[in-house]
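Asks: Chain order of the listed sequences is A and B.
The opening residue of the first sequence carries number 1 in our numbering; numbering runs sequentially from there.
The opening residue of the second sequence carries number 1001 in our numbering; numbering runs sequentially from there.
Hint data in this document are derived by calculation from the structure and do not stem from the laboratory.
Keep in mind that the hints are not guaranteed to be accurate.
What the hints assert, rightly or not - DSSO-like mimics (lysine-lysine), calculated; alpha carbons at most 27 Å apart, straight line:
id, chain 1, residue 1, chain 2, residue 2
1, B, 1374, B, 1359
2, A, 53, B, 1243
3, B, 1359, A, 170
4, B, 1252, A, 76
5, A, 157, A, 172
6, A, 170, A, 157
7, A, 61, B, 1482
8, A, 76, A, 53
9, B, 1243, B, 1257
10, A, 76, B, 1482
11, B, 1243, B, 1374
12, B, 1164, B, 1145
13, B, 1465, B, 1482
14, B, 1488, B, 1465
15, B, 1252, B, 1235
Stated by the list, open to error - Derived list of chain A stretches under chain B, where covered just means 3 residues or more per stretch with a C-beta under 8 Å from a C-beta of chain B:
id, segment
16, 26-39
17, 63-74
18, 111-125
Where is the CB? At the ideal position from N, CA and C, for every residue including glycine.
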Amino acid sequence: MAENAPDSPSSEQFITLLNAAHGRLLGFLRVMLGNSADAEDVLQRASMTIWRKFGEFDPSKDFFTWASSFAFYEAKNFQRVSARSRLHFDDELLQRLAEERVPDLDQREARLAAMDRCIEELDDSGRELVREFYLNKTEVAALAERQGRAPQTLYNKLNALRRLLADCMKRKTTQEAGS
Amino acid sequence: MNPELNSQEWHRLFTAKADGTITPEEHERLAALLKESAEARREWFAFQDAEAALLAWSQREALRRDEGVDVTLPKTELAGAHSSRNGWLRYAGTLAAGIVIGLAAWALWPKASLNSGNNRIAARDEATTSSVAMLSRGVNLEWDKSVGVPALNAPLPPGLLRLKSGVAEIEFFQGARLCIEGPAEIRLLSAGAAYCQYGKFSAHVPPPARGFRLSTPKGDIVDLGTDFGLDLNDKSPELHVFKGEVELHQPKVEMRKLTTGTGAGLENPGANRMLVANAAAFVFSHDLDARVIASRREAFDQWQQLNEQRNADPDLRVHLDFQDPDGARSLHNAALHGEDIATGTIVGCNWTEGRWPGKRALQFHSVSDRVRVKLPGEYRQFTIAAWVQLHSLNARQDQSSICMSQGLDVGDVHWQVIHTGAICLGIVAEAHPHVTDDYISPVVFTPDRFGQWVHLAATFDIAAKEVRFYVNGELLSRHTLKRPIVPKPAVAELGNWLPASDYAGSHPVRNFVGCMDDFSFYARALSADEVRQLAQ
């Protein structure tokens, strides 16, 4: 009878690697697909492929680089079959975005950290609006009604806040890079 | 152009793209901009990171608030609060993000447990799973029922499998792939080892799974990264190495190494009956693809034939077979006696593949995805049934609609998966304030059922004073009717719920995350036999 399983790459390693690369893979897909729901959807599908191909992964190589190629093809495939919208970036642009995004992802953590500080600088009503919007994207109209405002007004306010936050994030990251 | 104006316009295009409100003309402008300007691309990357940060912050914030409210957790749940809090955040965050990696991935996630006192999911220590492999494919599978019948794509714990006939493919979590031709008996031992009692086996072991070990009554085979075949059916069991190298360990004799193109008889240790590897004897593993496709096509044809009979049932009011043309925005009602019932209207959703190639399905993903159906009339008995593939359950969402009447009027029917993974059939019994008579099944959807096609059916019968739940054609549970409220489903939604058609306020999210490829509603409580046939 056999003893213990020999030690070699296992599901546990797979999950550890995928968990570690998860945020960057999502960030990679977002710039091609434009929104988080599609990026999550595609990453979910790509994860299945990555798991199936994991036997071919060379542990001495970088997992993200390896996995992102599957994510890239899954994104292309998703755009081809997605019936939800016809508005997609063409393959040439996708390729370009994918190539440039990989080195750009080095800045991602700094941006996320900067944004967390920027949000804290907002007043309560601003934070509330941001929270409501990102949790329930479809419900700007409902939110507007509750606050007794026109949906467009609220949406404009929200986008002004997003712009403000984006500027703040940029300021904080360039300051840090300079210091 | 003024750089300030530039960046303002860019940001406007970025948000429109992210929110899905962008017009075709704007989209063209955005694409051109991103192609031309490296600076615009950098801004676009930063914008997407900003969006990701805001989404993550909002989710954390929502969880923090939930936790703040959640002061009634019993002491046991609060023990070790620090680690369990992190665990809970990670669990809920992952689910909230809709990431279901499936297969092995859930294995290392913290397990959620239900706190029955206040219906909240509370964190526990990290869960472990005993699963070591999955059943990835199969044709004409007939398992020994007394031992167990694994479902396709289901994780497999260590233990015995007895295949009476057919060909099964098992993927070990460590990476090895094993094809088994019945009759065969195998005991899974770990993610990289199994014990084969009898049968024919063909293994593909990629380099990272080196060391994969198959034990047999005649000795152990340790694979060093190869393809090999093992035939234990013959009186003289044989090992054939098609590619690479294996070690053959047999009692009382020295370990032997076999390489590409060679084989060995295993009947007597050290007998040294050397063979030339014969791939033809293991052809079952090579034509598996073709056979899987053929058997799925056959199943699809059979489904189409059975449908003709089913659609003629005089009590069948609605049958949505989801076989509408590509891009269709409505689902036709195939029930022959449901002519007074209009087609279902699709809102959102993606068309995708169903149970077999050629079978079409709708994927429900976002909070807006739904199919609206009218079910006029009152039903003193009914059966509601669907083929669904659940992808995940949202930890922040109490219920996921399979089919729910719009609103909360007396007689409304709410058929849903609750956050524990149980099925609930609710009939609204009182309107102001509203009271629903809920019938709740045992848990159906554990993580190992995510991604699998499951047939669900519920019957309701006032005369028999009973509600029944069925899963894959088998009776799951029976419940005595609480009150003889006559159901009137009226306008209902598959995969979602609206409090009222003109409702504009905020309401709880009830959307279903997964696929559906068949839905039917009968004005009769089907018998257990009829439900079994429906699930075939």
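Asks: Work down the list of hints and note, for each, if the structure agrees.
Replies: Evaluated hints:
Between the alpha carbons of residue 1374 of chain B and residue 1359 of chain B the distance comes to roughly 24 Å, so the proposed pair stays at or under 27 Å and holds. Restraint check: the Cα-Cα separation between residue 53 of chain A and residue 1243 of chain B comes to about 20 Å, which is no more than 27 Å; the hinted pair holds. This hinted pair does not check out: residue 1359 of chain B and residue 170 of chain A have alpha carbons roughly 49 Å apart, beyond 27 Å. Pair hint residue 1252 of chain B plus residue 76 of chain A does not hold up; C-alpha atoms about 57 Å apart against a cutoff of 27 Å.
Using a Cα cut-off of 27 Å, the hinted pair residue 157 of chain A and residue 172 of chain A holds, with the two alpha carbons roughly 22 Å apart. Taking the CA atoms of residue 170 of chain A and residue 157 of chain A, the gap is about 20 Å. The hint holds against a cut of 27 Å. Proximity of residue 61 of chain A to residue 1482 of chain B is assessed by CA-CA distance (about 62 Å); at most 27 Å being required, the pair is judged violated. Note on residue 76 of chain A and residue 53 of chain A: the hinted pairing holds, with a Cα-Cα distance of about 18 Å set against a maximum of 27 Å.
Annotation: proposed proximity of residue 1243 of chain B to residue 1257 of chain B holds, straight-line Cα distance about 13 Å (limit 27 Å). Proposed proximity of residue 76 of chain A and residue 1482 of chain B is contradicted: the alpha carbons are some 52 Å apart, above 27 Å. Our distance criterion of 27 Å between C-alpha atoms is broken by residue 1243 of chain B and residue 1374 of chain B, whose separation comes to about 60 Å. Under the criterion of a C-alpha separation no larger than 27 Å, the hint pairing residue 1164 of chain B with residue 1145 of chain B is consistent with the structure, at around 10 Å.
Distance hint between residue 1465 of chain B and residue 1482 of chain B is fulfilled; the C-alpha atoms sit about 8 Å from each other, no more than 27 Å. For the hint linking residue 1488 of chain B to residue 1465 of chain B, the alpha-carbon distance of about 17 Å falls within 27 Å, and the restraint holds. At roughly 21 Å between alpha-carbon atoms, residue 1252 of chain B and residue 1235 of chain B fall within 27 Å of each other, so this suggested pair holds. Three residues within the 8 Å Cβ limit are the bar, and the segment 26-39 of chain A against chain B gives 8, so the coverage statement holds.
With a threshold of 8 Å between beta carbons, the proposed coverage of the segment 63-74 of chain A by chain B is violated, since 0 of its residues qualify and at least three are required. A count of 5 residues in the segment 111-125 of chain A with a Cβ less than 8 Å from any Cβ of chain B is obtained; the coverage claim is therefore met, three being the minimum.
In the structure shown, a violation is registered for the earlier hints numbered 3, 4, 7, 10, 11, 17, in ascending order.
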